Amino acid sequence: MGSVESYFGRLCGKEQEKEEERLFRANDRPFNLSYHYADNAIKTSKYNLFSFLPLNLFEQFRRLANAYFLFLMALQVIPQISSLSWFTTAVPLILVLSITAVKDASDDINRHKSDKQVNNRMVKVLIDGELRNEKWLNVQVGDIIKLENNQFVTADLLLLSSSEPLNLVYVETAELDGETNLKVKQALTVTGDMGDSIDALAGFNGEVRCEPPNNRLDKFKGTLTLDGQTYSLDNDKVLLRGCTLRNTEWCFGVVIFGGPDTKLMQNSGKTTFKRTSIDHLMNVLVLCIFGFLASMCTVLAIGNGIWEVREGSVFTAFLPREQGADAALSSFLSFWSYVIILNTVVPISLYVSVEIIRLGNSFFIDWDRKMYYPKNDTPAQARTTTLNEELGQIKYIFSDKTGTLTQNIMTFNRCSINGKAYGELFDFSGQRVEITEKTARVDFSWNQLADPKFTFHDHSLLETVREGNPEAQAFFRLLALCHTVMPEEKKEGELYYQAQSPDEGALVTAARNFGFVFRSRTPETITAMEMGRTVTYELLAVLDFNNVRKRMSVIVRNPEGKLTLYCKGADTIIFERLHPSCNKLKEATIGHLNEYAGDGLRTLALAYKPLDDSYMDKWRQRHHEASTAMEGREERLDELYEEIEKDLLLLGATAVEDKLQDGVPQTIEQLAKADIKIWVLTGDKQETAENIGYSCNMLREEMREIFVVAANTAEGVKEELQNARRKMCPEAAEEPSVKKARAGLFWLQKTETVQDEKVDGDYGLVINGHSLAFALEKNLQLELLRTACMCQTVICCRVTPLQKAQVVQLVKKYKQAVTLAIGDGANDVSMIKAAHIGVGISGQEGMQAVLSSDYSFAQFRYLQRLLLVHGRWSYLRMCKFLQYFFYKNFTFTFVHFWYAFFCGFSAQTVYDEWFITLYNMVYTALPVLGMSIFDQDVNDRWSFQYPQLYTPGQLNQYFSKKAFVLCMMHSCYSSLILFFIPWAAMHDTVRDDGKDLADYQSFALLAQTCLLIVMNIQLCLDTYYWTAVNHFFIWGSLAAYFAITLTMYSNGMFLIFTSSFPFIGTARNSLNQPNVWLTIFLTSLLCILPVVASRFVFIQLRPTINDKVRQKVRKEALPAPAPRRPPARRISTRRSGYAFSHAQGYGDLVTSRRFLLKLRSRPPLFTQTDSPLALNEPQLYRTIAEDPEESQSP
Amino acid sequence: MVKEEQELANRPDNTAFTQQRLPAWQPMLSAGIVIPGFVLIGLAFIGIGVALFVTSRSIQVLELDYTGVGQNSPCYKCTYPNVSNCVCDLDFSIDSLFKGTVFFYYGLSNYFQNFRKYGVSKDDVQLSGDLTNFKSPSDTCSPYVYDSNNQPIVPCGSIANSMFNDTFQLFQKINGTKTLVPFDGKGIAWWTDYNIKYRNPSVTPLKNAFNSTVKPIFWSKPAYDLDISDPANNGFINQNFLVWMRRAALPNFRKLYGRIDEGVYAQGLPAGNYSLAIAYNYPVLSFDGRKKVVFSNVSWMGGKNEFLGIAYLVIGSLCILMSIVMLIVYAKFKFPEED
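Chains as they are written, first to last, in our numbering: chain A, 134 to 1327; chain B, -17 to 321.
There may be inaccurate statements among the hints.
Stated by the list, open to error - To give an idea of the chain A side of the interface with chain B (calculated C-beta under 8 Å), a few residues:
| no. | residue |
| --- | --- |
| 1 | 511 |
| 2 | 1124 |
| 3 | 1125 |
| 4 | 1197 |
| 5 | 1234 |
Derived from the structure by calculation, the hints contain no laboratory data.
Predicted model, so just to flag it, every value in this text is computed and none were measured.
Using N, Cα and C, we set each Cβ at its ideal position, and we do this for glycine too.
Using the sequences plus the hints, can you model the full thing?
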């Protein structure tokens, strides 16, 4: 719509050149208007009342098929050529055009409505020294406007002042980037001082120079000149249209960009249009058909030429030739006449029907209750309705981890304190008891501050803590102190934690429930409630987490004056720094850690160290020096940290469960059985990713080998990849076998396909972001692809959003396979857009992924239903539809071809023109739609039972060029029967009263009746699933044919429209003849019986998987329930490291005053819902990272 | 409860339709249906085939070509150029009684009534008696819309213009005397054509309707003179005209000329010698066409057509054969039951 706007803008002489820089003055409309900046009105609609018809028709005729039919209609107007009345093409074309036009119009009306609604929103604008209510569309660049709490931001604004301290405002950017967390913007002090003084604001005459309109949401550059001073402006001072003001009473801003120039509008618009492989195939086929049509017409034109020379030229006694007409001209004209007659090989209703089928199947996805998630009331949604059948052909799935495979909920699950493990339940005989929903929970009601959503099942731990066990108390004290969580206490006793990673939140909450409640912090202190006693610790230092250190520590002084360093971190790192006295404890803890790791839990080791004052003083001195040093600050700090974090005393270890979504391992197993390869692309660390890989059964202990590629140079990566490949497949050639082919329209597109290579045994591949960056380079990407495709499981960790997309594109390009990407966050958008099909997990935080996805639902496990049931059915239905549709039209058309040899190649139609008009649109439209919307080979339960049913789709087995050729041959056979049987039966016979029966009209009726009956029986044969609707459509259509035919051939119709219905009486006179019916019967059976016989024989000789399962369905009413295997307990030597998902800690922020100020001054960011459902869930922690993508970068 | 419902506002309806659980019949091509089905169809076909074949055999047909190609052909004399009002006698004999009503057809070969431009060359509105189209016939009649004097042609168009104009008289020769065997030319066209599709303008006398129009160029007399004796067989509703106007689907065709169902011939044509007097007017040799006459009686399945009977017999046998093949395949290769 932006382009339309600018198009009209150009027409009006505006915007002659591209804007280089934006310059405007606040409160100076005349000055600003001289630049012709766009005002704040938006226009997303395409048409208005007058432009609708021409523009929409123009759009529609840009589609090749429509243009073709327009061309045909033009041909039909030429009397020398016209072999069919104009209505045979016009009626279907007008029908198709008007259906599309109505749809477009209703879409556009909706856009008009929403435009109008948005443009007419009211906002307070400062005009002539007073605040006036104005409509949004009247706002101009340079206006100062006032926004109030919970209002939408009107345009892109430069923030001037706000009601909050420090000129802060809070905005929600959900509509813009999909993130639900609040963001903070801060005005310049110099403008902020104006406050809400109208006089000051009215007198404000700052001049802003800034970048021209663009679509980068995270960048803004500009300057503000005020009273000769120049201030630089950045993204922090800009409120973007699409945001909502939250927790801020009011704020003032000056408009920078309005309407179409806003970043919101610049971002919307061009969405790449995805097309399915069936679409591409269809285009190729239609092109082939055009070629075929041309050759048929050429043959007939040549035939006409020969006939003219041999017969026509002498038949002139009864049919004189026009002046100057010779065989060549006649042949040329008959070519075009046959183009008109045979046009039905390119069926106009094909595209419309395909869209209808896809729409129907999309509705079935929307309606599916088994993909509806009651917990947050989210149904599945088919956001794109044109990709359904591709869901049945997926070969590769690229999945995000956090929020997709996992719930992004961390639960404190087990712990090991001083060599003793807690968290598991055993019965009297010492057998482990499985913990279920019903298992009794530990009662935390003694603790006023406990989080009611926290659950723990092992009572002994609480008893130990309450008994006063010093190690246990120290353990939880550490958890309550050593972190960077922000507390919020809305009301007395109602604590909310804002944690940077959910792991941290889980640990602090665990401490809270076990009586060590972290309550508040200042930059210098931490206040905690320890077993009911308020204790304030002096916070001396935070030794923050980073990637290399893999640990964090705090140094605190307790009220008694004792100094302690508390440290938590990756077990391997902590164990290196332990005091030798802990060796025995270490052994015991390692045992527990192995157990936890085997269960796929994220583990941390906890340790502490008492410090003495004098050392601490010196250390702090050096710390201060280091942190203010100009050079080598980082290194010096690291050294200091390293020095103090040693000789630690081990306390124990925690195990946090990164909760998988329900049914993830089962889903992955099912998809693997369907021969779909799943690659996990995650921004997480290698350890966490591997962990999840194990817990969702993608990586298995019994795999032959799991290769880890983590080199830091291109050579290293290459070597590791090659080594892995040689190990898996030693005999494989060094060079990948690339099959080059051409595809697409006109075979212009070159494709390269890397062949699959067989490997025996299962392997896994884990590759990290650094290595992936090298591996995705041009010279290594094929190596990566080969190696990765040999492995059962591929996990890429620490990948950036861009890399995610690159991986998808790599597979797309060289595997020619259909890919699906599934994710939930903004970082998955690129891959969702890159893949053939993007799936968004809805109902989690953020809508960005969902907004750019093609399908969305709430739980990963619904993917198997989407693919194995809906996808498979859609593909099956589409293929059956295409096959039948082409068959039906070819057969219809070929009969004309044969008849040409008997009518002097004169382009005489075999059927009545009305039949030609109605054949596709009325007589055969609904039955085939009925089949292709309702058909199912086996029901959903059997589809799950036999995921192998999915594989034919991946191999394009149901409809391909080969199937198309077969379909043409079948049509050829049928049309021969359909023409020559009636011909032989009729050519020399008469009615039973001696009258004519071999006349043209009777023959036409006979041929068309045979055709329609054969088409219906063929459809019956193709229909696997006969619902009442199918019955109604098939028998209804047949009945409608006879009813319509009898009506059109009735006396009444002839008397009213004499020249339109010349077939009067034909039906009555010929359908009462026994030999007509005997001919119809013979023709139908002769067309159908060979199909039945060959299908039957093929089912016996070479049954497909579908045949086998269908056979089984007949025997057993319901599939046997899948055996429930108890989850096997694994003891693993593989251990996770510091399992936090974030890259850099929050230490700086925690100790900075500014951050706390702003936190205290507002209500919590996330209001808890009071719904009973929410109470059942563990508390959800959200990251408060400013930029979600930053944490994913390597 | 209310709250719960609100919570689940987006829950899709649980109907068989939305959940794709509509009760359905799921037939399969199983051996139990296909093989017996083929046997039954085969038997039925053979039965029908036998009936058709026997019936077709019982129908008697006598075809006589009278184009006059050969020099000893009786109508050879009429094929000379510039011969007009030529009458030739075609003698033939019938060995046995032609049972029942005998139908007399004329047939044309290599004649393209189904040529598109020929087929569209008529004006249905004019033929339904609309006088406006008498004055200005539809363009579809091209090239016979107006004559060289720009007078409208009625009936216009190639089909009407090329109306078959040979006439026949049949005589039975008994001991040298010729007895006329009358042709009944009434009721040889479709009821709908005669009563609905073609109508004379309601002008009496009919001749007046044709004022300031001309007869088709090839016609010897105007439409209102086709049968002066019987107004119900005159003009556009002349039965021979109607038969001709119902154009044939294929280039070899025959059209009903009359029935022999009067007097002594009501029971059929007795064996004996006959002579057919042909007024030979219609030129076909220029395009290598052939003219013939056909005597035939009919049965419940219409005229003689051996094809249907034979086809049914062959297909029926093939069905039986196929069912045996399928039985063998099924018994031998029946696909294994296990997964």
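Verification of the hints:
With a least beta-carbon distance of about 7 Å to chain B, the hint placing residue 511(A) at the interface is held under the 8 Å criterion. Hint on residue 1124(A) holds. Least Cβ distance to chain B is approximately 5 Å, under the 8 Å limit. Interface restraint check: residue 1125(A) against chain B, minimum CB-CB distance 5 Å, threshold 8 Å, status holds. At its closest, the beta carbon of residue 1197(A) sits 5 Å from a beta carbon of chain B; the interface hint therefore holds under the 8 Å criterion.
Among the interface hints, the one on residue 1234(A) holds; its C-beta lies about 5 Å from the nearest C-beta in chain B, closer than the 8 Å criterion.
Hint violations for this structure: none, all hints satisfied.
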